[in-house]
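Going down the list, the protein sequences come from chains A and B.
Counted the way UniProt numbering counts, the first sequence spans residues 1 to 377.
Counted the way UniProt numbering counts, the second sequence spans residues 1 to 647.
Mixed in with the good hints, there may be bad ones.
The calculated lysine-lysine pairs, modelled on DSSO-like cross-linking and capped at a C-alpha distance of 27 Å, are [claimed, not checked]: (1) A:Lys57 to B:Lys201; (2) A:Lys350 to B:Lys308; (3) A:Lys78 to B:Lys500; (4) A:Lys57 to B:Lys500; (5) A:Lys350 to B:Lys201; (6) A:Lys57 to B:Lys498; (7) B:Lys299 to B:Lys345; (8) A:Lys362 to A:Lys256; (9) B:Lys207 to B:Lys181; (10) B:Lys181 to B:Lys222; (11) B:Lys531 to A:Lys156; (12) B:Lys222 to A:Lys78; (13) B:Lys362 to B:Lys299; (14) B:Lys531 to A:Lys350; (15) A:Lys355 to A:Lys68; (16) A:Lys68 to A:Lys57; (17) A:Lys130 to B:Lys534; (18) A:Lys130 to B:Lys222; (19) A:Lys130 to B:Lys207; (20) B:Lys308 to B:Lys362; (21) B:Lys222 to A:Lys57; (22) B:Lys201 to B:Lys308; (23) A:Lys57 to B:Lys308; (24) B:Lys500 to B:Lys534; (25) B:Lys250 to B:Lys222; (26) B:Lys299 to B:Lys250; (27) A:Lys362 to B:Lys534; (28) B:Lys534 to A:Lys57; (29) B:Lys207 to A:Lys57.
Hints in this document: simulated from the structure, not taken from any laboratory.
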Amino acid sequence: MSNIYNYIKMKQILNFWVLFLLTGAIFTGCSDDDNNKYELDETTIGCYIVNYGNFGKLPSSITRYDYKADTVTNLYFKRQNNGLELLSNIQYANVYNGTIYMMGNERDEVITTNLLFQQTANGISEGIAKPRFFVGNGDYIYVSCWGSNPDWDEMKDTYIAKIDTRTNEVVETIPLPGGPEGLAIANGHLYAALNYRKSVAVVSLSNYESIEYIETPGVTSYFIEDADNNLYVTLLSSFTLEVEDTGLGYINTATKTLEEVYSLDGISSGYGSVIAPDKDFSTIYVLASSWVEVGAGNWQQMGALYSFDVASGAFSPFVDNLTGANGVTVNHDTGNIYLLISLGATESGKMQIYKRDKSFVKDVQVGRSPAWAFFIN
Amino acid sequence: MSLSMRRFSFFITFLLTVPLFAGESDFVIDSIFLEEVTTYSSYRRFQPGTKIDRIPASQMQISQSGNLEQVLSRFSPIYIKGNAGGLSTIRFRGTAPDHTAINFGGININSHTLGHSNMTKIPVFLFDRIDVQYGSSSAINGSGAIGGVIYLEQNHEWTKGVRNYRTYSNGSYGEHFYGEKLYLGNDVWESVTKFYNYENKNRFSFKNPYHLNRFTNPDPIKDRQQGAEVHNRGVLQQFNYLFEPGETLKSSFWYEESWHQVQPNMASNVTYESTQELDNKNFRSWVEYDNSKNVIQYKVGAGYVHDKQIYDNIPDQIVATRRLVTEGLLSYNLTSKQELRVGGKYKYIVPDVHAYSRENIKYEQRADAFVSWFYAPIRNLQTTVNLRQPYVTGFNTPFAPSLMAEYFVNMSNELRTTINAGVSRSYRIPTLNDRFWGTQGNPDLKSEKGINFEGGITLLYQGESGYDRVRINGFQMDVDNWIEWRNFGEWQARNIQKVKSQGVEIQYHKGVEFSEYTIETGLNYTYNPVKRVKDITASVVNRQQLLYAPLHMGNTFLQVKWRDLNCFTDITYTGERYYDNDGNTLPSHFLANVGVNYRIPFNQHGLILMAQIRNLLNEDYQNERYYAMPGRTYNLSVSVDLNFARN
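All chains, full assembly: derive it from the sequences and hints.
Structure follows, in structure tokens:
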């Protein structure tokens with residue numbers, strides 16, 4: 001009897017150990033599966049600058065600026081990937097659900113990494129041609145794409161690619177002519193700024209064939225979203241179309257109408273972070289051009305950063321006489337304004353840091369043609 | 001020692017030992033070399049001592065199915081940046097592609113919109129001679145002649161009867177060339193028709209380190225180039241009339257169609273689906289009447305050029321210009337030691353570019369007035385002064401003078417020494433794109449301006465068993481107001497920087513003929529530091545060598561001819577090149593080519609068979625970062641020369 005008891009006891013112990021080991025194995029397996037996810041900590045927190053490079057000739061690089069420790073790491077992607085450099089020119093990058101997505105051009109692919117910028121899987125290239133921008137919604141990201149052979153006029157073959165972030169596959173493409181650039185999601189709709197049409201496309205997320213258009217006085221490029229889920233959109237001049245006005249447009253997403261236009265000449269038509277709000281959305285920073293007197297009566301066009309007061313709807317110069325200003329972003333931790341300056345497509349650029357009172361803090365050396373920056377914090 | 005270096009050492013040894021097998025015999029000066037020193041086109045006459053090299057006829061023959069990019073990168077120390085056949089641009093003495101003029105008759109064929117020419121679209125087959133002038137010569141050649149000038153020249157044989165030459169060649173990776181020349185004429189008139197068709201699938205294989213699985217397997221994979229197809233064809237028709245010796249009417253009509261795919265870089269090649277296409281159509285014509293019978297000699301010419309480019313089959317993306325060019329020259333021999341030449345040139349340019357506003361430009365007129373004075377004050381000394389003043393509607397242009405001198409002395413019966421020196425101002429009028437492109441064109445641009453100092457010495461030894469020629473040339477060139485596009489709120493062209501280029505060029509040529517052998521060999525070496533010394537953004541002036549401007553370049557060649565059999569080989573060396581301003585470089589490389597041709601004569605006719613191996617050592621190299629280049633390639637050609645002309 002005791003033998004039987006002992007046998008049962010032994011079996012229970014064994015079963016316990018088998019269960020324990022299996023559980024351990026399962027957890028280890030899960031850990032392996034998830035080893036590409038990293039929690040936010042001092043190794044990931046910082047401002048990440050996307051240095052565009054030179055299209056097709058010099059690929060992008062990433063600069064990490066740890067603003068808390070005030071340290072800069074250039075060629076950050078290369079350092080994090082055993083010396084392998086990026087091969088594409090990154091049109092846009094940001095974090096979504098703990099994964100960094102980079103829109104790579106030439107080679108065309110959506111590159112995914114963990115928060116340490118470590119790439120462990122191939123980029124998504126199937127169904128992706130000239131990706132521009134993305135926005136996330138649930139388990140999906142929507143990527144604006146210009147197609148493999150754009151006509152650069154009507155942009156007939158441009159589209160939105162929907163990627164399932166669980167499988168990293170394009171599961172649907174939504175034809176959207178007009179060169180969709182910046183994207184935003186608000187009130188159950190996908191908003192696409194059309195860079196080759198004077199309108200914003202509004203795609204219903206429940207029925208992708210239902211697309212409405214909001215007419216705008218200029219072609220459009222990027223959005224920012226306020227606390228009420230309404231959008232500010234940049235209105236630009238165009239090579240091919242006559243535009244009535246440029247500046248910032250305000251879109252009420254409840255009514256899907258352009259409610260207001262705040263005029264500003266020479267707003268930047270560059271592809272970069274040309275618009276950025278501060279933390280409480282009281283001020284929006286916008287890149288544009290201005291005229292600077294370089295001699296008696298001799299005026300020259302130069303870059304400028306404007307601040308837009310949301311309450312009054314007025315622009316005022318923040319920094320002017322700029323050469324190579326590609327982007328602006330605001331550090332919501334510190335309130336400082338970061339201005340991305342390119343010194344040419346073949347040499348290192350710089351990031352100028354300003355306080356809200358316009359006082360200059362410092363220059364930070366970054367990579368070639370910095371155009372975007374995003375924060376992990 | 002790297003594999004590449006070992007292969008190179010082996011090859012050098014091979015080159016050096018081949019002449020030893022030949023033994024020694026009587027000397028006959030190389031006919032090509034004679035041609036170089038005795039032929040005086042007007043551009044040579046008024047630029048004594050200027051370094052002007054002629055691509056020898058034998059090298060033209062070797063390269064006849066190729067283009068200007070191939071012949072220059074193989075036989076001259078000039079860097080051509082480019083990919084495997086679609087786009088190649090010249091970097092003469094470290095300058096930009098816009099800084100080299102390419103002359104066909106009285107026309108500089110460089111695009112008025114882009115400012116330069118694609119070297120792969122200029123076929124060697126259509127031209128009898130290609131001359132390469134080093135250094136600035138705007139006083140003679142006008143806008144853009146800052147780094148150098150390429151002259152595309154025709155011989156005028158005044159054929160009596162009929163002569164037909166046709167050639168067909170086949171190369172690796174889908175390369176085909178067919179060309180034909182037809183000469184018809186009697187004592188007074190001549191028609192020369194040249195036609196060619198060139199196709200290259202460019203489906204070469206290469207090692208690709210940028211494949212999709214590089215994160216798990218960093219070793220390169222064997223890949224095959226996609227989307228780099230090239231198709232060029234063209235016809236050149238000449239009608240020439242000889243009134244009497246010293247009085248001629250010559251005309252050339254050149255129509256060219258060139259199409260290529262925009263080669264994807266190595267990273268994109270892996271996921272290739274399709275690529276863009278560029279379709280160019282160019283018509284260039286030049287008609288010239290020349291009267292040099294009397295003390296007062298004159299020449300008048302006129303030409304019409306239509307350049308058209310369509311991007312990716314989109315008719316709306318047109319970039320086209322039409323231009324009418326006229327030129328007149330009057331030359332007077334004051335004494336046997338002096339000659340004065342005055343002239344003028346006029347251009348009427350009409351752009352048709354999708355991104356230009358008609359309000360900003362409907363047409364542009366340009367005129368140049370120039371005067372040259374040749375003077376030989378003492379025996380063996382030749383000097384010239386050239387002055388040129390250009391005018392452009394609505395645009396200020398600089399005055400361009402030059403002063404040159406050449407002194408030669410016979411040290412002995414065998415040794416002749418020539419010393420040359422010169423200083424010249426140069427300029428480049430900004431392109432139409434720079435000034436009128438969309439809202440970004442900058443009509444306030446200034447002309448780029450340069451100054452070039454040049455000096456050198458040439459030693460020619462003519463012994464009984466051969467000749468040796470050494471030329472050492474030094475130069476310094478400053479180019480100010482260098483134009484570049486940068487972001488000033490909007491991308492715009494501005495006068496950004498000042499660049500200083502300097503260097504030493506060494507040439508050595510040797511010719512030997514004995515028994516039934518003729519041997520020619522030569523060496524070119526260039527040391528060329530070129531740096532920006534000023535920039536509107538002072539922080540970027542870092543004293544680094546300019547991008548894609550090798551500090552060291554060289555080449556060597558050897559030809560051994562025995563009866564109708566000709567064996568040839570050549571090696572080029574291209575030093576490190578910076579591809580960004582952060583100190584990153586493309587590694588140096590050697591390229592070796594070998595070949596043999598054999599002429600089977602039949603009466604006056606001939607059948608020529610040629611076989612070549614290019615990139616013999618299968619060097620893995622890049623001329624532009626990330627763009628693959630072909631490895632070892634084979635080429636076979638058959639040519640038939642049917643000569644029914646009377647002597």
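Here is what the structure says about each hint:
no. : hint                 : in the structure
1   : A:Lys57 to B:Lys201  : holds, 23 Å
2   : A:Lys350 to B:Lys308 : violated, 40 Å
3   : A:Lys78 to B:Lys500  : violated, 34 Å
4   : A:Lys57 to B:Lys500  : holds, 25 Å
5   : A:Lys350 to B:Lys201 : violated, 43 Å
6   : A:Lys57 to B:Lys498  : holds, 24 Å
7   : B:Lys299 to B:Lys345 : holds, 12 Å
8   : A:Lys362 to A:Lys256 : violated, 42 Å
9   : B:Lys207 to B:Lys181 : violated, 40 Å
10  : B:Lys181 to B:Lys222 : violated, 41 Å
11  : B:Lys531 to A:Lys156 : violated, 45 Å
12  : B:Lys222 to A:Lys78  : holds, 24 Å
13  : B:Lys362 to B:Lys299 : violated, 31 Å
14  : B:Lys531 to A:Lys350 : holds, 22 Å
15  : A:Lys355 to A:Lys68  : holds, 15 Å
16  : A:Lys68 to A:Lys57   : violated, 34 Å
17  : A:Lys130 to B:Lys534 : violated, 37 Å
18  : A:Lys130 to B:Lys222 : holds, 25 Å
19  : A:Lys130 to B:Lys207 : holds, 25 Å
20  : B:Lys308 to B:Lys362 : holds, 17 Å
21  : B:Lys222 to A:Lys57  : holds, 21 Å
22  : B:Lys201 to B:Lys308 : holds, 24 Å
23  : A:Lys57 to B:Lys308  : holds, 26 Å
24  : B:Lys500 to B:Lys534 : holds, 9 Å
25  : B:Lys250 to B:Lys222 : violated, 52 Å
26  : B:Lys299 to B:Lys250 : holds, 11 Å
27  : A:Lys362 to B:Lys534 : holds, 24 Å
28  : B:Lys534 to A:Lys57  : holds, 25 Å
29  : B:Lys207 to A:Lys57  : holds, 18 Å
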